[in-house]
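Visitor: What follows is the residue order along each chain.
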Amino acid sequence: MSERHPPGPGLKLYAVLGFAYLYIPILILILFSFNVSRYSVAWTGFTLHWYNELFRDRFVWEATRNTLLIASVSALVSTVMGTAAALGMQRYAFPGKRFCEATLYLPVIIPEVVMGIAMLAFFAQMGIQLGLGTIIIAHIAFCVPFVTLTVQARLHGFDRHLEEAAMDLGANEWTTFRRITLPLIMPGVLAGALLAFTLSLDDYIITLFTAGPGSTTLPLRVFAMLRQAVTPKVNALSALWILVVFVLLLGVQWLQRSQNVKRNA
Amino acid sequence: MSTSIQTTDDRRQTTALRSWSVFRLPSSVRETPGLVLVSPTMLWLVVFLVIPLALIVVISFAARGQYGDVVYTFSLDKYRALLDQQYLQILLDSLWIAFLTTVLTLLLGYPLAYFIARSGTRWKSLFLFLVLVPFWTNFLIRIYAWMILLRSEGVIAGVMKALGLMQGVGAQLFGLIQLYTPGAVLIGMVYEFLPFMVLPLYTSLEKLDVSLLEAAADLGARPWRAFLRVTLPLSLPGIVAGSILVFVPAMGMFVVPDLMGGAKTVLVGNLVRNQFLVARDWPLGSAASMVLMVLTLLVTLLYTRRFGFGEELRV
Amino acid sequence: MADVAVEVRDLVKQFPNPGGGVVNAVDHVTLQIEDGEFFSLLGPSGCGKTTTLRILAGFERPTSGEVRIKGRLVNSVPPYARPVNMVFQNYALFPHMTVFQNVAFGLEMERVPKAEIERRVEAALALVRMAGMGARRPAQLSGGQQQRIALARALVKRPSVLLLDEPLGALDLKLRQEMQLELKALQQQVGITFVYVTHDQEEALTMSDRIAVMNQGKVLQIGPPAEIYERPNCRFVADFIGETNFLEGTLARMEDGRASVEVTGERMQVVGLAQGALHLGQRVTVSVRPEKIRLHTTPPQVTTNCFAGQVQDIAYIGSDTRVVVRLSPSLVLSIWEQNRISTLDLEATFTRGQAVWVTWLPENALVLGE
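Residue numbers (this note's numbering), protein chains in the order written: chain A, 1 to 265; chain B, 1001 to 1315; chain C, 2001 to 2370.
Keep in mind the hints are simulated off the structure, nothing from the lab. Beta carbons are placed, not taken as given, at the ideal position from N, Cα and C, and that holds for glycine. Take the hints with a grain of salt, since some may be wrong.
[As the list claims (entries may be wrong)] Here are the simulated DSS-like cross-link-like pairs (lysine-lysine), alpha carbons at most 30 angstroms apart as the crow flies:
| id | chain 1 | residue 1 | chain 2 | residue 2 |
| --- | --- | --- | --- | --- |
| 1 | C | Lys2218 | C | Lys2184 |
| 2 | B | Lys1207 | A | Lys12 |
| 3 | A | Lys12 | B | Lys1264 |
| 4 | B | Lys1124 | B | Lys1207 |
| 5 | B | Lys1264 | B | Lys1161 |
| 6 | C | Lys2174 | C | Lys2184 |
[What the hints assert, rightly or not] Per the computed footprint, the stretches of chain C lying under chain A, defined by three or more beta-carbons under 8 angstroms from a beta-carbon of chain A, are:
| id | region |
| --- | --- |
| 7 | 2071-2080 |
| 8 | 2105-2112 |
[What the hints assert, rightly or not] Per label pair, the in silico range of CB-to-CB distance:
| id | chain 1 | residue 1 | chain 2 | residue 2 | range |
| --- | --- | --- | --- | --- | --- |
| 9 | B | Leu1297 | A | Arg58 | 41 to 51 angstroms |
| 10 | B | Trp1224 | C | Asp2239 | 27 to 37 angstroms |
| 11 | C | Arg2119 | B | Pro1033 | 30 to 40 angstroms |
| 12 | B | Leu1107 | A | Leu27 | 39 to 49 angstroms |
| 13 | A | Leu243 | B | Leu1228 | 40 to 50 angstroms |
One chain only, chain A, in its complex shape (with noise of 0.2 angstroms):
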């Protein structure tokens, strides 16, 4: 689409805008965490108070362990899970595969308010208690599926000859699956395990529901804090949580030029 065609001067305005429209928030939102006024809109001074009394505020940094501890378990299990189920959907067929690509789909047809309120009822009906368990439990059944459309999609186009050719030469079916099949497909288990991950990290409704008393999330503490008396201390974390965001996405991307590089090397 690009070479021939390059956008017209009047999309490239609309753009410049569109970006704005994006990022000023953001970016005022950044700039205000440093802002030694507590209210706002009058820039008086730079200070790193707030980010201080962040660090020493102990219900953020219970949050954090949680809410890292959530989003790792969740990945690490919807990984294993949604990858196994997307070899299975691309490759067979089976009784029942009809149903299978319709409960994947639930969690893309239905609005997280009714998941949240489902589990939470169902989790009062099997007398479960509520905690960090739950949240967890919770978080796999919204990211299996996101991680298995991901790697179909990247099993879409993978040539099975490979696998063929690896059983002639005298793989046997795991082998053939761990030094062929896997390494292949790494690229977009990654980008699932990391799409599990980051809905894990950034979700508030439906951990809203399953979380216990006890148990409170980054998401939960921030809308909280947004609930208080509104500090520049949640500019602070803001700050902070767009920063680590940024690195990630960063992070990605050099990954995937590098994988990009070595396969064309």
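Since the structure of chain A is provided, determine the placement of chains B and C on it from the hints.
Guide: Then chains B and C, alone, in the frame of chain A:
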């Protein structure tokens, strides 16, 4: 010669069988590898998603006990209750806002996606990256950013005051989008969902074959017509995918109205949340979420029936 | 009596038909491939040749029938335990490995010690004239080079049988012809049994010791190239291999293996060799190849198979001239005359509308039943 071949064959056979014997799977597993591979996922989803949803259906026909518990009967009371004026209004509001959000994100997002698709390869990854950063940033943070801007003492107000625009028409306009107005909710929703629309649109537009546009031009179509008759129809999968990715969550959204709409804006999502976490009328909340689900599914079905299913839903 | 490398007995492979029911992709195929032979499976797309090959490799399981490799029944033996190796149509080189690693893969699976692997891989690469390319990646190689690596990767394991699935299909004409000769030379040098699948009959004729012609899941004829070409046993084989002229008629007389055929709708009798058991009055097809027909500008002194006609079309191919001669309102024959003398020097070249006579020897015509 034949002896050495035999040795190779034997060695090949014994090696293969030896490593295989570690994985002596029962024949039932070997016969249906597909089922085995999907079963962990399916089990998980059925137990923790399908059954809970079925439970909600059941609860929607139940009644509320005295202490906020669920009394299992079969009654349409809660559904009847939803026919009440206030609830219908909430439903309509939700539909309207979700619809507006979808349309606005489409109108705003399409040129942006088009721009990125048409940029040079080096720029493309940069622009995509720029779209992805807000996409991956927690939406609470992004909403908070707008809260800062739209507060009555916020940044926009401040700038307008400094420029002397905070009077007459200017003040009125600001009053429309000020924090805790429906206007603010709309801005928040659009901001939140814009990347969800841009990304599938971009994927779809990126695949467009330039030679088609050249062919159109060769046959006498001016740029605008070429866009309407070639580009737009071919980007339809992206439009459909983006619309679904925006409309469905927008219907159930309650956080934005909660934070940016104050007490004045109540949508279905808020209703459901309140019934489950505050008022503890689970049957009513379930009935409301059933209606929400049905509405969402209905609109999605009609939409995809008319416009096709977006393959760009692949992430 | 040479050893039998591959034996297939009454092999059937069924697939479910999308429209309902089943279809026999391989329909009761029986054949024997000898040790050290270059054996081709030839036929149009969908004739079952690739399916048969894949069954030999172990990627498909037979619905019924037996497959034996070096005398051993291998019906349910997985591909990694069979003494056969395959060269795939699209080469299937592992993109995430170097050339060396690709070729070494099979030896790794056999737990061959590292030093020996190195030795054998280098030897295999030298065999296919790709020595020194070990560090490259498949994506950096041309199609022809990739093909050689695929070959090396299979050959390094010294299989009893090498299976090749239309390996030259993706190459351009000149390269393909070069590779055909190379493959044939390689096979003779290494002495391994080659089972070669192709739809290109010229390729099969060039390279094979024996050819099996297949159509719709069945093997129609097996034999050396000359036999397949000169003595096809049915209309399909005659039509599929090379070019031929067909004359439809009824069998009038049989004498010493020579059949006289009354051509339908023409007042013509042609004589040819009877193929297979024929009875009088049977509907038959006579096949005469264009290069076997002689063109005369003056009436020849021949009584059998001599007919008069008019030149309808002439195509100058360079090495030969192709002439279409009309014998009657509904009968044309295609004749290829080799240009042994430079056509610029000929006093008489053919012109449209010219009156000519065509003749052919009865031995050069085949009478085929249905």
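Visitor: For each hint, tell me whether it holds in the structure or not.
Guide: Right, here's what the structure says about each hint:
{"no.": "1", "hint": "Lys2218/C x Lys2184/C", "result": "26 angstroms, holds"}
{"no.": "2", "hint": "Lys1207/B x Lys12/A", "result": "20 angstroms, holds"}
{"no.": "3", "hint": "Lys12/A x Lys1264/B", "result": "39 angstroms, violated"}
{"no.": "4", "hint": "Lys1124/B x Lys1207/B", "result": "13 angstroms, holds"}
{"no.": "5", "hint": "Lys1264/B x Lys1161/B", "result": "26 angstroms, holds"}
{"no.": "6", "hint": "Lys2174/C x Lys2184/C", "result": "16 angstroms, holds"}
{"no.": "7", "hint": "2071-2080", "result": "holds (count 3)"}
{"no.": "8", "hint": "2105-2112", "result": "holds (count 4)"}
{"no.": "9", "hint": "Leu1297/B x Arg58/A: 41 to 51 angstroms", "result": "44 angstroms, holds"}
{"no.": "10", "hint": "Trp1224/B x Asp2239/C: 27 to 37 angstroms", "result": "56 angstroms, violated"}
{"no.": "11", "hint": "Arg2119/C x Pro1033/B: 30 to 40 angstroms", "result": "38 angstroms, holds"}
{"no.": "12", "hint": "Leu1107/B x Leu27/A: 39 to 49 angstroms", "result": "24 angstroms, violated"}
{"no.": "13", "hint": "Leu243/A x Leu1228/B: 40 to 50 angstroms", "result": "43 angstroms, holds"}
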